[in-house]
Amino acid sequence: MLCSFFLLACLTAVVVLAVRPKLRRAVLDVAGGSAVQGAPRDAVPEEDPQTLEGVVSRQLVKGEITGAQYRHAMASIASRDATRHPLEVPDVPPRTDPPGTA
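Going by our numbering, the first residue of the sequence shown is number 35, and it counts up by one from there.
What the hints contain is simulated information worked out from the structure, not anything from laboratory work.
Check each hint, because a few of them may be wrong.
[Said to hold, decoys possible] Computed cross-link-like contacts, DMTMM-like style, restricted to lysine to aspartate or glutamate with a CA-CA straight-line distance of at most 25 angstroms:
# : residue 1 : residue 2
1 : 96        : 63
2 : 96        : 81
3 : 56        : 98
4 : 96        : 82
All chains should be built: construct the whole structure from the sequences, respecting the hints.
Take a look at the structure:
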């Protein structure tokens, strides 16, 4: 009896965990809320961002773009920045092996 009760509790937990995201999304849609997870509405600052990175970050927090779109945008910004402002590498002496290795 105890084993079947434990099995029933485990199965119930699995079903609840599987359905929870869909149920939350449906409740938020009916209530007119946003399905953005992680930050409440008042956590988003009201002032306009001063950089492109700030604009993209704000879009992610507000739920206007997905995580994949955010990563793609940040990679594009980094690539553009590397082209416009390459790092200056000082003259580095050639690599030599330590005396103990042969």
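Hints and how they fare:
1. Distance hint between residue 96 and residue 63 is fulfilled; the C-alpha atoms sit about 15 angstroms from each other, no more than 25 angstroms.
2. With a C-alpha separation of about 14 angstroms, the suggested pairing of residue 96 with residue 81 holds against the 25 angstroms cut-off.
3. At most 25 angstroms may separate the alpha-carbon atoms for a hinted pair to count; residue 56 and residue 98 meet this at roughly 19 angstroms.
4. A threshold of 25 angstroms between alpha carbons decides the hint, and for residue 96 with residue 82 the separation of about 13 angstroms falls inside it, so the pair holds.
The structure meets every hint from the earlier list without exception.
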